[in-house]
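Student: These are the residues of each chain, in order.
There are 2 protein chains.
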Amino acid sequence: MFVTPREGILDPQGRAVEHSLKSLGFELVSGVRVGKYIVLELATESPAQARQLAEQMCEQLLANTVIEDYRIRVEGE
Amino acid sequence: MFVTPREGILDPQGRAVEHSLKSLGFELVSGVRVGKYIVLELATESPAQARQLAEQMCEQLLANTVIEDYRIRVEGE
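If you're matching them up, the sequences are chains A and B in order. The first sequence begins at 62 in my numbering and counts up by one. The second sequence begins at 62 in my numbering and counts up by one.
Same shape as in the complex, but just chain A (with noise of 0.2 Å):
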């Protein structure tokens, strides 16, 4: 799962990171977003049953919903 600052929301770590970035030199950067990369493996019977449980674990735990998107990939999907 990926779990992303909503577009237009405040994001200080990307600020700080991208302000990081120019210090050292990288000065063609820009609109950096930082977020969170979230892998595991789920024993389930198909691939639909293993997105629809990442669907409720992103909602109930990994992403705050209000400030963050999230995105799912599922291996053999």
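Be careful, since some hints might not be right.
Which copy is meant is left open, because identical chains are indistinguishable; a pair holds if it fits in one copy or across any two.
Keeping only pairs whose Cα atoms sit at most 20 Å apart, straight-line, the calculated EDC-like set for lysine to aspartate or glutamate is [to be verified]:
1) 97 to 68
2) 97 to 72
3) 97 to 129
4) 83 to 72
5) 83 to 120
6) 83 to 138
7) 97 to 120
8) 83 to 102
Just so you know, the hints here were simulated from the structure itself, not pulled from any lab data. Predicted model only: the values in this text are computed from it and were never measured.
Use these hints to put chain B onto chain A, whose structure you have.
Tutor: Structure of chain B alone, referenced to chain A:
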């Protein structure tokens, strides 16, 4: 960029997330790894140049290569 704990390196954040997921009833989950997902724009003239800069950024700032691996995806490549 995707920055993840190296294989074999303890991932306390992943452990904590796995524990929480199981507490919530997601019993089918295992092997949780938590990493960072960094999106940014680079005003370069080519995707190849963007990749080269992204690699330097990971090595110098974004990843701690002693304990973390990184992977780069460049749009337009």
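Student: Confirm or reject each hint.
Tutor: Each hint tested on the structure:
1. 97 to 68: both (15 Å within a copy, 18 Å between copies)
2. 97 to 72: Answer is both: 13 Å inside a copy and 14 Å across each meet the 20 Å cutoff.
3. 97 to 129: both (10 Å within a copy, 14 Å between copies)
4. 83 to 72: So residue 83 and residue 72 pass the 20 Å test inside one copy only (17 Å; across, 29 Å).
5. 83 to 120: Intra 35 Å, inter 15 Å, cutoff 20 Å: inter-copy only.
6. 83 to 138: neither (39 Å within a copy, 24 Å between copies)
7. 97 to 120: Intra 14 Å, inter 19 Å, cutoff 20 Å: intra and inter.
8. 83 to 102: Only across copies: residue 83 and residue 102 sit 13 Å apart there, 37 Å inside one copy, limit 20 Å.
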